[in-house]
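Chain by chain, the residues run as shown.
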Amino acid sequence: PVKYEELYCFSFNPKLDKEEREQGWKLVDLSEEYNRMGVPNNYWQISDVNRDYGVCDSYPTEVYVPKSATAHIIVGSSKFRSRRRFPALSYYCKGNNASICRSSQPLSGFSARCLEDEQMLQAIRKANPGSDFIYVVDTRPKLNAMANRAAGKGYENEDNYSNIKFQFIGIENIHVMRNSLQKMLEVCELKSPSMSDFLWGLENSGWLKHIKAIMDAGIFIAKAVAEEGVSVLVHCSDGWDRTAQVCSVASLLLDPYYRTMKGFMVLIEKDWVSFGHKFNHRYGNLDGDPKEISPVMDQFIECVWQLMEQLPCAFEFNERFLIHIQHHIYSCQFGNFLCNSQKERRELKIKERTYSLWAHLWKNRADYLNPLYRSDHSQTQGTLHPQIAPSNFLYKFWSGMYNRFEKGLHPRQSVTDYLMAVKEETQQLEEELEVLQERLANLQKSQSGNNKVKSKQQDRSKHFGLYTSNNSLANTPQEYSNDLKSFPSRSPSQGDEDSALILTQDNLKSSDPDLSANSDQESGVEDLSCRSPSGGGCLPSEDSGKDSDEAVFLAG
Amino acid sequence: MEFAELIKTPRADNVVLHRPFHLAVEGTLCLTGHHLIFSSRRQDNAEELWLLHSNIDSIEKRFVGSLGTIVIKCKDLRIIQLDIPGMEECLNIASSIEALSTLDSVTLMYPFFYRPMFEVLEDGWSSFLLEQEFELLSSVTNEWRLSCVNKEFSVCPSYPAVVIVPKSIDDDALRKVALFRHGGRFPVLSYYHKKNGMVMMRSSQPLTGTNGRRCKEDEKLINATLRSGRRGFVIDTRPLNVAQQARAKGGGFEQEVHYPQWRRIHKYIERFNILQESFIKLVEACNDQSHNMDRWLSKLEASNWLTHIKELLTAACLAAQCIDREGASVLVHGSEGTDSTLQVTSLAQIILDPRCRTIRGFQALVVREWLQAGHPFQQRCAQSAYSNSKQKWEAPVFLLFLECVWQIHRQFPCSFEFGEQFLIALFEHAYASQFGTFLGNNESERAKLKLPQKTMSLWSWVNRPEELSRFQNPLYEANSLVIWPSVAPQSLQLWEGVFLRWNKPSKFLEEAEEERINIIKYNKELQAKVNALRRQLAEMEADEEVQEVE
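Note that the protein sequences, when read in sequence, are chains A and B. Sequential numbering of the first sequence, starting at 115, is according to our numbering. Sequential numbering of the second sequence, starting at 71, is according to our numbering.
Same shape as in the complex, but just chain A:
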């Protein structure tokens, strides 16, 4: 496609009326989010300096800056930063006033200075009275940053800025990342690779090393904010790729809210959409320079998955949620990830002409819940402390993402789906228990009063929901050997019953009789005995197989 109008989201119609569409876009409200963080307050304020995108066309109109940063300082600072992306607030930590700010690289060259920019950083430090310095984190490898100086860009000189501690974190640029993903995908697409092919390919792609670099940066910043109470200014070159990754990983570690479903949507809107991550260029939605394409957001989403693997109770959402978001970054079915900046989206009237992904995901949120999440669980509280050392084996290949279409490669039974089904049943049992207790009370009353009131049939006739479990998956042998092909093989038709679907639904239902169809009170009792013989925690008896067709077996 050459024009945005040709993209699917402009013709996609989920049959919602105008009001519903507007409601959908209102689901994520960033000024509400800044309020939740605790700004504006005594130290931070909204600046209208970018009202008409006059200072920086890739920034949002509403930008939060330190109170002591005047318009003069902001504009001055913006002139000293690539693409005029001046330091602005990304995350504010209510507990200790420490903050994460983001910007692009300074145009320092070999010796240039800018008084307003120095004042800007000073203002950020002052907004955190508990600390006498700020960290400036340059997420690039030092070599890259130095090379930029020759082009009149570069990084902050500690001597020119009072009270900063400067730090490089070597995350590679978009081109390295694009090639890395390309290499990894080639490995994923190998036809029946050997273990060595796979592991070598994965290692050579460097992908997991890059993921680790991003995680390390996020962990460093979260630690500075939460443990040292020091504010951090993060930048890379333009401040819309690595900076977005690192700020959002750090926020996710710091604030449990971002680990909820709603909070995660807000986080993406805040650090990626509003601050001008160039979705159109990075994901090639419109025909453009292939060198601009890079899986920057994919890497952030993978970081979240890696964290979920390490801290399985910490996130309200599950892996499917991440995969669906990733899918829709590419799909262009919804307007959220269109264009390169807020300005472009407003000009295109995205909110009037397309629908919001968040509303769509929110509507189906039951599919995306992590059954292990409890808002009062210790893993959901406060700052996350993922393991950092020894780190070599921490990060794993995400086959759920990169081999997502080869269903045969994944676990055939999903623990998440199973537990969700159990939880759903639990909820129904709770309801039934209440109904039964009520009936019992009525009955006792009526018996004691010798009052023959028939119990309310409709209470019992509630039809308990069926589980449409995704756990059933046809399972057939793979090609384990080429030798079998040349051997006259019998027709495989008899093997149909082997699809290894777990009998979750049936087994769960067996204890949950359909009361609407059968009000015979005995059924409940019957069901006690027809539970699977080994399901109740007792050992299967020797003849447990007597009523099934399964193989009996034998010894040698």
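The hints are simulated quantities; they were obtained by calculation from the structure and are not laboratory data. Mixed in with the good hints there might be a few duds.
Which bits of chain A does chain B cover? Going by a derived footprint, with three or more residues having C-beta under 8 Å, they are [said to hold, decoys possible]: (1) 297-307; (2) 311-318; (3) 368-375; (4) 481-491.
Where a beta carbon is used, it is the ideal one built from N, C-alpha and C, also for glycine.
Please build the complex by placing chain B on the supplied structure of chain A, with the hints as guidance.
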């Protein structure tokens, strides 16, 4: 021999214990005949560590001034460090541990001294008798019989006293076949697939030699397992060239001319010394504490461990596929038939037979296909991954099997009655245990050692209700189907529960497991409550109706 002679310094104070991810603890170290015991001196929260000497794989000592340090590397892969003040004490303790952990007489091992503190409800030594299995078999087919031809262990020293063989083959024929098979391991029944009546047999290689010797009884025996007009598969766990080379040493393989109804498939499974090297390399890589991941994947690759896992699973799937999908009987063997053969036959049963996925069924499988089948546990598990001595008999053959089960378990997390902990426990007990189950190399040796009389069986302990509950998989729902695992590299993972158990904090993952258990426990409680209420209501309403009629 008195253990006291080996213990030069039975006790040392002010010893500091270091373990990864634990704070250092100061305390007292004691040595007994079979244990190294460390207890912290803090009254409040006394911490104790009991380590079987037989669990110690290697020990290193070093000195800084008069402070000695002992690094103990265990067969369960944990590494602990003890700082012991006093050079003499430290040297004494180190040499005592070295002597006690390398006792060469089996009868000095702890199982002969262990007195259980629990009541034995069921003697594990007689929990899994072949006769019981045969009874089950007899209810579906009468084509097989129990043979006692090996009752003195004279026909095949590594076979149990009774075996199941085709009914049409008499004991004399078995004796002849035994002479034609390596180590006397003639083909016996391993598994009967009830669904279609196909079977899996196992044996050792035939001794054809270079001149193509044949044995009519052998041909008759294995042909007896075929239905008329049907063909079978021989799965040879060696590559063709290795099988061919084996002929020079008197071994060989079934040649088409003499076994026209059988098709041979060579599926290479690595041999024991290579596996041991792979094991050592993998553990080295996992213990590398460097903070970069640059070389991790290539080290993992270089160990070849996952390659072995993939090969093994593939061979097992193939065997299962022949039986279930091709409707053909299968004979599995390598050279001796005590290692790769058993890996394949036991894993194929995990795939095919739902009973092997229950706790009790899995125990029965381990007893049948490993202990009774004569896997030389004592040789294979004498040393683990830290051993410096290069002995040629050690190999993690059983561990590889357990890991393959874990890989299948990971792909079918709801189809196994037992959890990962059960597999880890079996790994530990195979290498060091208070129970006699894994002592000896075969049933003959176990009988000579009088293990059933003199030691406690692991199964006596495992099958107590309080222990069983620890090993159960909360997600289990009986699945009566064949389960076909994926063997693609993307589907296989490092078994962190064993290999990263001691060098990765697991708090968060344990919390998740607890959460899973709680979700299911609460559900079961509610079910019980609801069912009880329904019953109560039913009774009351029935009463009421009776009254109404009156």
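What hints, given by number in increasing order, does this structure fail? Violated hint: only 3; rest satisfied.
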